[in-house]
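Protein chains in written order, with our numbering: chain A, 1 to 375; chain B, 1 to 375; chain C, 1 to 375.
Please keep in mind that the hints were generated in silico from the structure rather than gathered at the bench. Warning: the hint list may mix true and false statements.
To be verified - Going by beta-carbon spacing under 10 Å, a handful of chain C positions derived as facing chain A:
1. Pro-34
2. Gly-146
3. Val-150
4. Asn-178
5. Thr-190
6. Val-196
7. Thr-241
8. Asn-247
9. Ala-294
10. Ser-301
11. Thr-313
12. Lys-337
13. Leu-342
To be verified - Calculated Cβ distances over 12 Å to all of chain C for the following chain B residues:
14. Ala-135
15. Gly-154
16. Arg-204
17. Arg-213
As the list claims (entries may be wrong) - Within a straight-line C-alpha distance of at most 25 Å, the following computed SDA-like cross-link-like pairs (lysine to any residue) qualify:
18. B:Lys-343 with C:Ala-367
19. B:Lys-80 with B:Thr-19
20. C:Lys-318 with B:Arg-214
21. B:Lys-364 with A:Leu-345
22. B:Lys-200 with C:Phe-333
23. A:Lys-53 with A:Thr-19
24. A:Lys-200 with A:Arg-214
25. B:Lys-53 with B:Glu-35
26. B:Lys-343 with A:Tyr-336
27. A:Lys-364 with A:Ala-347
28. A:Lys-43 with C:Leu-345
29. C:Lys-200 with A:Pro-82
30. A:Lys-43 with C:Asp-314
31. B:Lys-95 with B:Glu-30
32. B:Lys-343 with A:Ala-332
33. C:Lys-200 with A:Ala-9
34. B:Lys-2 with B:Leu-65
35. C:Lys-318 with B:Pro-325
Backbone N, C-alpha and C fix where the C-beta goes; we use that ideal spot for every residue, glycine too.
Residue-level listing of the chains:
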Amino acid sequence: MKLSEIAAALDARVEGDETIMIRRAVHPSEAEGPEDLALAMDKDLLALLPGSKAVAVVVAEGAELPPELTGIIRGRIVVKRPRYAMAGLLDVFEKPVHAEPGIHPQAYVAPDAVVAEDASVAPFAYIGPRARIGAGAVVLPHVTVGADAVIGEGSLLHPGARIGERVVLGARCIIHPNAAVGNDGFSFVTPEPGSVESAKTTGRVVGTNVLLRRVNSIGTVILGDDVEIGAGATIDRGTVTATRIGNGTKIDNLVQIGHNVQIGTNCMLCGHVGVAGSTVIGDRVVLAGKVGVADHVKIGSDAVVAANSGVGTDIPAKSVYMGYPAVPRARAFEQYKGLARLKRLFADVVDLKARLHAVDGQGKAPAKPVVAEQD
Amino acid sequence: MKLSEIAAALDARVEGDETIMIRRAVHPSEAEGPEDLALAMDKDLLALLPGSKAVAVVVAEGAELPPELTGIIRGRIVVKRPRYAMAGLLDVFEKPVHAEPGIHPQAYVAPDAVVAEDASVAPFAYIGPRARIGAGAVVLPHVTVGADAVIGEGSLLHPGARIGERVVLGARCIIHPNAAVGNDGFSFVTPEPGSVESAKTTGRVVGTNVLLRRVNSIGTVILGDDVEIGAGATIDRGTVTATRIGNGTKIDNLVQIGHNVQIGTNCMLCGHVGVAGSTVIGDRVVLAGKVGVADHVKIGSDAVVAANSGVGTDIPAKSVYMGYPAVPRARAFEQYKGLARLKRLFADVVDLKARLHAVDGQGKAPAKPVVAEQD
Amino acid sequence: MKLSEIAAALDARVEGDETIMIRRAVHPSEAEGPEDLALAMDKDLLALLPGSKAVAVVVAEGAELPPELTGIIRGRIVVKRPRYAMAGLLDVFEKPVHAEPGIHPQAYVAPDAVVAEDASVAPFAYIGPRARIGAGAVVLPHVTVGADAVIGEGSLLHPGARIGERVVLGARCIIHPNAAVGNDGFSFVTPEPGSVESAKTTGRVVGTNVLLRRVNSIGTVILGDDVEIGAGATIDRGTVTATRIGNGTKIDNLVQIGHNVQIGTNCMLCGHVGVAGSTVIGDRVVLAGKVGVADHVKIGSDAVVAANSGVGTDIPAKSVYMGYPAVPRARAFEQYKGLARLKRLFADVVDLKARLHAVDGQGKAPAKPVVAEQD
Numbered sequence: 001m002k003l004s005e006i007a008a009a010l011d012a013r014v015e016g017d018e019t020i021m022i023r024r025a026v027h028p029s030e031a032e033g034p035e036d037l038a039l040a041m042d043k044d045l046l047a048l049l050p051g052s053k054a055v056a057v058v059v060a061e062g063a064e065l066p067p068e069l070t071g072i073i074r075g076r077i078v079v080k081r082p083r084y085a086m087a088g089l090l091d092v093f094e095k096p097v098h099a100e101p102g103i104h105p106q107a108y109v110a111p112d113a114v115v116a117e118d119a120s121v122a123p124f125a126y127i128g129p130r131a132r133i134g135a136g137a138v139v140l141p142h143v144t145v146g147a148d149a150v151i152g153e154g155s156l157l158h159p160g161a162r163i164g165e166r167v168v169l170g171a172r173c174i175i176h177p178n179a180a181v182g183n184d185g186f187s188f189v190t191p192e193p194g195s196v197e198s199a200k201t202t203g204r205v206v207g208t209n210v211l212l213r214r215v216n217s218i219g220t221v222i223l224g225d226d227v228e229i230g231a232g233a234t235i236d237r238g239t240v241t242a243t244r245i246g247n248g249t250k251i252d253n254l255v256q257i258g259h260n261v262q263i264g265t266n267c268m269l270c271g272h273v274g275v276a277g278s279t280v281i282g283d284r285v286v287l288a289g290k291v292g293v294a295d296h297v298k299i300g301s302d303a304v305v306a307a308n309s310g311v312g313t314d315i316p317a318k319s320v321y322m323g324y325p326a327v328p329r330a331r332a333f334e335q336y337k338g339l340a341r342l343k344r345l346f347a348d349v350v351d352l353k354a355r356l357h358a359v360d361g362q363g364k365a366p367a368k369p370v371v372a373e374q375d
Numbered sequence: 001m002k003l004s005e006i007a008a009a010l011d012a013r014v015e016g017d018e019t020i021m022i023r024r025a026v027h028p029s030e031a032e033g034p035e036d037l038a039l040a041m042d043k044d045l046l047a048l049l050p051g052s053k054a055v056a057v058v059v060a061e062g063a064e065l066p067p068e069l070t071g072i073i074r075g076r077i078v079v080k081r082p083r084y085a086m087a088g089l090l091d092v093f094e095k096p097v098h099a100e101p102g103i104h105p106q107a108y109v110a111p112d113a114v115v116a117e118d119a120s121v122a123p124f125a126y127i128g129p130r131a132r133i134g135a136g137a138v139v140l141p142h143v144t145v146g147a148d149a150v151i152g153e154g155s156l157l158h159p160g161a162r163i164g165e166r167v168v169l170g171a172r173c174i175i176h177p178n179a180a181v182g183n184d185g186f187s188f189v190t191p192e193p194g195s196v197e198s199a200k201t202t203g204r205v206v207g208t209n210v211l212l213r214r215v216n217s218i219g220t221v222i223l224g225d226d227v228e229i230g231a232g233a234t235i236d237r238g239t240v241t242a243t244r245i246g247n248g249t250k251i252d253n254l255v256q257i258g259h260n261v262q263i264g265t266n267c268m269l270c271g272h273v274g275v276a277g278s279t280v281i282g283d284r285v286v287l288a289g290k291v292g293v294a295d296h297v298k299i300g301s302d303a304v305v306a307a308n309s310g311v312g313t314d315i316p317a318k319s320v321y322m323g324y325p326a327v328p329r330a331r332a333f334e335q336y337k338g339l340a341r342l343k344r345l346f347a348d349v350v351d352l353k354a355r356l357h358a359v360d361g362q363g364k365a366p367a368k369p370v371v372a373e374q375d
Numbered sequence: 001m002k003l004s005e006i007a008a009a010l011d012a013r014v015e016g017d018e019t020i021m022i023r024r025a026v027h028p029s030e031a032e033g034p035e036d037l038a039l040a041m042d043k044d045l046l047a048l049l050p051g052s053k054a055v056a057v058v059v060a061e062g063a064e065l066p067p068e069l070t071g072i073i074r075g076r077i078v079v080k081r082p083r084y085a086m087a088g089l090l091d092v093f094e095k096p097v098h099a100e101p102g103i104h105p106q107a108y109v110a111p112d113a114v115v116a117e118d119a120s121v122a123p124f125a126y127i128g129p130r131a132r133i134g135a136g137a138v139v140l141p142h143v144t145v146g147a148d149a150v151i152g153e154g155s156l157l158h159p160g161a162r163i164g165e166r167v168v169l170g171a172r173c174i175i176h177p178n179a180a181v182g183n184d185g186f187s188f189v190t191p192e193p194g195s196v197e198s199a200k201t202t203g204r205v206v207g208t209n210v211l212l213r214r215v216n217s218i219g220t221v222i223l224g225d226d227v228e229i230g231a232g233a234t235i236d237r238g239t240v241t242a243t244r245i246g247n248g249t250k251i252d253n254l255v256q257i258g259h260n261v262q263i264g265t266n267c268m269l270c271g272h273v274g275v276a277g278s279t280v281i282g283d284r285v286v287l288a289g290k291v292g293v294a295d296h297v298k299i300g301s302d303a304v305v306a307a308n309s310g311v312g313t314d315i316p317a318k319s320v321y322m323g324y325p326a327v328p329r330a331r332a333f334e335q336y337k338g339l340a341r342l343k344r345l346f347a348d349v350v351d352l353k354a355r356l357h358a359v360d361g362q363g364k365a366p367a368k369p370v371v372a373e374q375d
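Just chain A, with the same shape it has in the complex (with noise of 0.2 Å):
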């Protein structure tokens, strides 16, 4: 491909010889030659340059190429949103998942399955009585299709990938390696009230749970376009219901959904987030890693909680949060450094103290003299 070509493509422009012919993007450090365009879109990776042999380069606009590659650097592709660049200049050099068109031998495909014409499906993939594999669709080795899953056209199941049983994807859908998609909700119940109840409302264990009777999950999953499951995760089938997330929405690796959930569209969900049962999710909300959210809470469209929080109470559109218990950011803030500087709060009581015995004598004397601290 041409320079021009990808410039084109990315709608940027080039510098210098746009004719060159490209075959890989590469990191800075392992060009090989002329048919390696170097991705050099920040200050560390355009730092790496004089040490590599790239003879063509991406670099984002108004970056100063360093003056010893004059003469080196024969052509340059220049972006103006180097994240966005990215994208467009990966999807040009992508470097799709092997799949043999048709369904291999070795597989298993239920006789009132249909698949179709133009799906893959690998060895060792399972596809279980009445499912339907959608145009396109590409079912890699070891998946799990439940009987009546149905797969929507371009969806690709990586993998491990599990589909169970009744479970809809939409269209474009990404299941990494291992994902579980429909699996039972975690819902028991004791016969009279148990520890939880009382924990719940008086702090107190009070009833305890002598026997857990198992609550079945008859409900199912459904899956919007273009939604991702990262690898390892882990989404929960309604109770009588769907779970429900919403087209475009991108969920990471060991990322744990309850039964009912409700998540709206082009949201983003990092590693090992775990949203608890029947918690609703509006519209492009970002949950950072390792955010855990209890179940029956609202999250409002766009709204974004830190890493490592714990949210356990509603929150409220565009809002950021942060912390454990979730708060505003702002407030959250505040608390650190309220923490950071207690050491000092606590000097200063003591020296209030004392000064304050030397005018009324009253409290205990100090243990040293008085030296007003100086701050």
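Based on these hints, arrange chains B and C on the given structure of chain A.
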């Protein structure tokens, strides 16, 4: 099924026409006609009924149907403890997973494994040497049962479950998709005391971990009867003896149980809980989502630990703990309250300093005139 | 094996009869006779010996056998560093996983894949196009090895391990059940600056993530020699170059490693640790259970981070950090101490206000008569 029959199964009473024939249990918004029994056992669900096509409903004792439904709702089941009734309802309307009797020709069963006649072994299931699969057990696609493992009668192994060698499951266990039971413990030792040992004792890093020698696990995992292990959860085997999980204990998705851990009966460990090696957990303990428990601690029976807490010390029986580090709940609330009021406390102390300066002339003069705050 | 031979393997000495023939190493409570070597290298285990049928034992240097065991325990191995001796003992008594030599007929091996002659490939293992399996490597059931992946000699892939395309494993790596190495990075970009960018810089949500554009991952994962990846752990591939994990590093269950992360040698990352994209971790670093590390930070060699901590900034070499946000350990302890004494501090300030009011007449009069507290 007649409405009266369903009510009988729940030990509940019917009001109205008890002869209505029911085919499905549904969310009120999904009721399509007289054959759909709408579950409306809380206020939110009740409020959905006027917009629903429901004719038969389940409601909680004391619930008032909206007046406009008179004549439309023809029969209702009235239940006392809604969550418990839900369990009964979902037993009646359970949708059991698809499983065919016998060993599928595309399964692998070692010649010396023993599979009960009425057990089900799906395509691509692997049963290792000398493993034993009990009566009525269901082994779904892509399950691995290692050599010498024992699966108790009526147990259900979901797709991708990994049962390690020599692991023993009691009766009626459910292992959810991609759970792994019987992994090697995470146990390594340095020739000389390493960084962790010095960090724990001195707070500083003295030794360095120049080499990590593996401590092999020759123990196993033993699960009691009616144990559930959630999707993607990982249970490590004991070093020399067994990691044990008692009868009726339920473990949620993505939980990690370390080597040698001993867990009692009827416990509930929620999503993302992590329990480090050799910790001992009593009976009926509840660990809410994301709780972390250090190694070698003891948690007494009936204790409840709130979500996101980090437990580093023993916890007494029947106590409620929370926070990081976890402390009794009342103390944790006190700390959160204190944190929230910290900003005000700092202001108070600044004010006290200024006023005391006016009295004793010591310390620094206030930056602005003293105005006593009124609280 | 003779007791003396075992002692020789541990570089330890025998007291008593060194000719006892040993068949198993067991927990004291599980000793059944003279062929069982009871491991009693700490006080708790030692205390179990009187109720045990043990005849041969391993004890720590300086341990006193209970006097009633004289004449019953006929031989004992005495070790200096028990945890290290344990590693040696479990090497002697290791129970290696079942694996048959050669490629099982129910495996799938792509025609152009290369499997070393003495490697083992189990039923339902999948070896993709051009993949290479090194000498002595063991590929257990349900493992996926993607196209062009390289498995180093002597590596062991447990059931359900997913090795993505182009991923490279060094020698003697162990990939535990259902671990997934080489998943796509979690990387999306909005056409215009989105909510996270504004939340980080201004603390408020300005832009909204109307569209999340995928940033494809064309990089890979490279593991050094002797690396272990725990059950259910997920390691994402680099965006352009490789995510790297150095020789001897051990990663526990359910750990998540983001794209482009660089980890040095001999590190230990415990259960549920999460490391976000592009972070750089030195050598011999220890991250305890549930630690979260933000993206693009640097953790120096030999640093130790305590369980449940959230790391948002660089951490110097050889330091011990803890808390959320993580700070040096001494400072964290100071903060916890402060938090625990906060209630008292509030009371002190109330008291000071009341006493100062008595002196200067300012502020609010105390609600009750001033009684100076005696501390």
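Legend entry - Lys-318 (chain C) paired with Pro-325 (chain B) [C-alpha distance capped at 25 Å]: 23 Å, holds
Legend entry - Restraint outcome when Asn-247 (chain C) is required to lie within 10 Å of chain A by C-beta distance: This interface hint is violated because 20 Å lies over the 10 Å limit.
Legend entry - Proposed proximity, Phe-333 (chain C) with Lys-200 (chain B) (alpha carbon, max 25 Å): 13 Å, holds
Legend entry - Given hint Leu-342 (chain C) near chain A, where the shortest CB pair must fall under 10 Å: Since the shortest Cβ distance to chain A is 8 Å, the answer is holds.
Inset, instruction - May I ask you to test the interface hint for Val-196 (chain C) with respect to chain A, counting a Cβ-Cβ separation under 10 Å as satisfied? - result: Holds. Min distance 5 Å.
Legend entry - Given hint Asn-178 (chain C) near chain A, where the shortest CB pair must fall under 10 Å: 5 Å, holds
Inset, instruction - For the pair supplied as a hint, Lys-200 (chain C) and Ala-9 (chain A), confirm whether the alpha-carbon distance does not exceed 25 Å. - result: Judged against 25 Å, a Cα distance of about 30 Å means the pair is violated.
Inset, instruction - Quickly compare the C-alpha distance for Lys-364 (chain B) and Leu-345 (chain A) to 25 Å and report which way the hint goes. - result: With Cα atoms ~15 Å apart, Lys-364 (chain B) and Leu-345 (chain A) stay inside 25 Å; holds.
Legend entry - When the least beta-carbon distance from Ser-301 (chain C) to chain A is tested against 10 Å, hint result: This hint is violated: Ser-301 (chain C) lies away from chain A, its Cβ roughly 20 Å from the closest one there, beyond 10 Å.
Inset, instruction - Quick one: work out the minimum CB distance from Gly-154 (chain B) to chain C and report holds if it exceeds 12 Å, violated otherwise. - result: The assertion about Gly-154 (chain B) holds, with a minimum of 23 Å to chain C.
Inset, instruction - Quickly compare the C-alpha distance for Lys-2 (chain B) and Leu-65 (chain B) to 25 Å and report which way the hint goes. - result: 21 Å, holds
Inset, instruction - Decide if the proposed pair is consistent with the structure: Lys-343 (chain B) and Tyr-336 (chain A), CA atoms, cutoff 25 Å inclusive. - result: 11 Å, holds
Violation of the numbered hints given earlier is confined to hints 1, 3, 8, 10, 11, 16, 17, 28, 33; the remaining hints are satisfied by the structure.
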